Amino acid sequence: MDRKLAARVEIDTLHGLLDELDYYRLLQVASDVSADEVGPAFRRESRRLHPDRYSALGDKDLSDKANAIYRLIREAYATLSDPEKRALYDAELRGGQARLSAAADKEAEKQRAAAADPAEAATNPKSEKYWKMGLKDFKEGNFSGAVMNIQFALTYEPGNATFKEYLDRAKQGAEEQKKKNYNPYKLRIV
Amino acid sequence: MSNDQPSDGISVGIDLGTSNSVVAVMRDGEPKVLADDQGHRIQPSVVAFGYGSAAVVGQRARQQLTYAPENTVFSAKRLIGRRYGSEEVERMKRLVAWGITEGPHGDARIRVQGRVFAVPEVSARVLQHMKQLAESATGSKVAGAVITVPAYFNDHQRQATRDAANIAGLKCLRIINEPTAAALAYGFGRETRQHVAVYDLGGGTFDMTVLRMEPGMYEVLSTAGDTFLGGDDFDASIAMWLREAVERESGVELAGNHAALTKLNDAAERAKVALSALDAVDIRVPNLIRGQDGQSVQVHTRLDRHTATNLVMPLIQRTFVVVDDAMAQAGLSTSQIDAVLLVGGMTRFPSVKEAVASYFGKEPVASINPDEVIAVGAAIQANTLTAGFDPDAAVLLDVTPQTLGVGTVGGFVEPIIPRNTAIPTERSKVFHTAHDNQTQVRIKVYQGESRLQQDNELLGHFVLDGLRPAPRGEVRIKVTFAIDADGIVQVAAVDEDSGRVQEITIEASSGLTKEEVKGMRFDELGF
Chain A
4 MDRKLAARVE IDTLHGLLDE LDYYRLLQVA SDVSADEVGP AFRRESRRLH
54 PDRYSALGDK DLSDKANAIY RLIREAYATL SDPEKRALYD AELRGGQARL
104 SAAADKEAEK QRAAAADPAE AATNPKSEKY WKMGLKDFKE GNFSGAVMNI
154 QFALTYEPGN ATFKEYLDRA KQGAEEQKKK NYNPYKLRIV
Chain B
25 MSNDQPSDGI SVGIDLGTSN SVVAVMRDGE PKVLADDQGH RIQPSVVAFG
75 YGSAAVVGQR ARQQLTYAPE NTVFSAKRLI GRRYGSEEVE RMKRLVAWGI
125 TEGPHGDARI RVQGRVFAVP EVSARVLQHM KQLAESATGS KVAGAVITVP
175 AYFNDHQRQA TRDAANIAGL KCLRIINEPT AAALAYGFGR ETRQHVAVYD
225 LGGGTFDMTV LRMEPGMYEV LSTAGDTFLG GDDFDASIAM WLREAVERES
275 GVELAGNHAA LTKLNDAAER AKVALSALDA VDIRVPNLIR GQDGQSVQVH
325 TRLDRHTATN LVMPLIQRTF VVVDDAMAQA GLSTSQIDAV LLVGGMTRFP
375 SVKEAVASYF GKEPVASINP DEVIAVGAAI QANTLTAGFD PDAAVLLDVT
425 PQTLGVGTVG GFVEPIIPRN TAIPTERSKV FHTAHDNQTQ VRIKVYQGES
475 RLQQDNELLG HFVLDGLRPA PRGEVRIKVT FAIDADGIVQ VAAVDEDSGR
525 VQEITIEASS GLTKEEVKGM RFDELGF
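Chains as they are written, first to last, in the numbering used here: chain A, 4 to 193; chain B, 25 to 551.
One chain only, chain A, in its complex shape (with noise of 0.2 Å):
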């Protein structure tokens, strides 16, 4: 068969299956693929896949429909590629879904916000006020405050690791501070 016929063949009856496809069947890969398999599986379906490989071809209905897939092998590789994501849609498709809900996406990119940005590490609305605040005493380089904020948030949530931490720098720069403005000739103008 021709190869450009054979190519739109692909495209059509792939694009007719789209509703149904989970992400490992359209990633072409087991339900049970280790993490380091799951990226040469989407480059290996983007290869083939890749709607910029159509558009040669000058026709906007095939075009369109190459990238309804990719849009949806670019979701599946971002779901399955991330442990948090894969959770969550494993769960999903269990219950028929096949494809990761907002909600869930938006769960697991809240988790990992909460990882990169300590903005993010208060649970409870009553230590938050306090963390928040205890924050932007510390970027202040106001150490003194900051150690007193985030003690009391951690009255609310004493097992939160991320406020300990903080709590530990700053307790690190108040001493340094203290150091640095010691001045045994200070001069009092009264």
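Keep in mind that a hint or two might mislead.
[Unchecked claim] Pairs of lysine-lysine residues, derived as DSS-like cross-links and limited to a Cα-Cα distance of at most 30 Å, are as follows:
#1 B:LYS195 x A:LYS63
#2 A:LYS63 x B:LYS165
#3 B:LYS165 x B:LYS195
#4 A:LYS68 x B:LYS538
#5 B:LYS453 x A:LYS109
#6 B:LYS468 x A:LYS142
#7 A:LYS139 x A:LYS182
#8 B:LYS56 x A:LYS7
#9 B:LYS195 x A:LYS7
#10 B:LYS502 x A:LYS68
#11 A:LYS109 x B:LYS502
#12 A:LYS132 x B:LYS468
#13 B:LYS165 x A:LYS7
#14 A:LYS68 x B:LYS195
#15 A:LYS113 x A:LYS132
#16 A:LYS109 x A:LYS68
#17 B:LYS468 x A:LYS135
#18 A:LYS63 x B:LYS542
#19 B:LYS502 x A:LYS63
#20 B:LYS538 x B:LYS117
#21 B:LYS468 x A:LYS113
#22 B:LYS468 x A:LYS139
#23 A:LYS129 x B:LYS453
#24 A:LYS129 x A:LYS109
#25 B:LYS453 x A:LYS63
#26 A:LYS139 x B:LYS453
#27 A:LYS68 x B:LYS453
#28 B:LYS453 x A:LYS135
#29 B:LYS502 x A:LYS113
#30 A:LYS63 x B:LYS538
#31 B:LYS195 x B:LYS542
#32 A:LYS132 x B:LYS195
#33 A:LYS109 x B:LYS468
#34 B:LYS468 x B:LYS453
[Claimed, not checked] Restraint-style ranges between C-beta atoms, simulated for each label pair:
#35 B:GLY434 x A:GLU87: 26 to 32 Å
#36 B:ARG214 x A:GLU40: 24 to 30 Å
#37 B:GLU378 x A:LYS174: 40 to 46 Å
#38 A:ASP39 x B:ARG329: 44 to 50 Å
#39 A:LYS109 x B:ALA78: 54 to 60 Å
What the hints contain is simulated information worked out from the structure, not anything from laboratory work.
Note that the structure is a prediction, hence the values are computed from the model and not measured.
Ideal Cβ positions, reconstructed from N, Cα and C, are used throughout, including at glycine.
For this one, chain A is given, so just place chain B on it according to the hints.
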């Protein structure tokens, strides 16, 4: 590889640079850089306006720069897609002899001889020149082009570049990133698996891109950049050193004397280029100004490489802040980089080369031509996009350079698509009404890395209108943000309950409307 170009003409790759532009084409399976009838492969991105509507572009325009600086527009790329009043535009104003004014959409525009041009109109003249060059060099009509932009260009700058192509009557097949194009050229015909770092210091911009290259595929892992750091700044540092010496010796202030400052800048650029090969250069500028005694003042001095390096070191250091960022985003250490590519004329400068080699602990790839490699990569991509279905053509996976987000209360931005996300991509967000019976939601879209709106680029705002009246929070609108393969942003909205799709386009808050672009088209104006 097949070469069946579309019947209405050939497709070329154009490197639309800040200082220079280059055009290349695929011929018999090999990329080829095209030259004008004088044999020049590199064309200055300079547009010299004469009297009447005539304008000269390229080599001849470059010559006009010294004797008619007020009519000769250079480095228009530094202004493209920029807002009037932005820091970059203010800096540019101090460097040029022509006027920069505010356009009707808050965009920066260029005023020459009492006429005002949108920046894409000026860039369009450069594109048209490259198109004509390609047509006379090949004897074929040019139907379309892949045009390159700095990787760190935002949506406005990309849109404006597309507008320029449109005005020039050139079909823009794709906007691709300059460092990615360089990697395409490097990888062409090289069937290996490598991590490649591209250090791209051009006339006006700096980009750093990290890619994974393997047979049949180029995957950008990260990109970072500074759109206001380039060779022009190196020239300006050296020119400032000359200027200080002249003012000190002659006692004459040069501020506002554009003719003298342009001469010094020119001398600085020539000295910089010469220092790529020599250890020291003589700088001579005859008849620069009239001194206090009425006598003509000459510049005659010597600049050695060591002094020049000290002058530009702060600029080189700024590039490595960007390099560190790109490496961290890619999650790679310097020892994992297999090849380092130097792109852009500024990388010929010895201290730049040395700094890059010592950072990566290996010598950069010597076989590539830093001035031509971007156009070559663009030509390869143009061929992939037009030369029929080729099962072996390499695919290119690029990323979005800046975070896309929406404005929230209190002047903050909520990120929607983080930077270095592979494109094309899309993400959705559900918006709720905040008041009872609210029928309108206004959404502002930003690009940039700050959490504060004021520090990001406002791409535009759109209004979701005609919502059904209901208690607050009950109307849910799903807004999908998509970034296409050109890196250009698109937005679509759906009312989650009614399923009604709302077509929305971000009306550029600066830049040109479709009608304006149409009115500027050269073919309509008879150029």
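Hints not upheld, ascending by number: Hint 32 alone not satisfied by this model.
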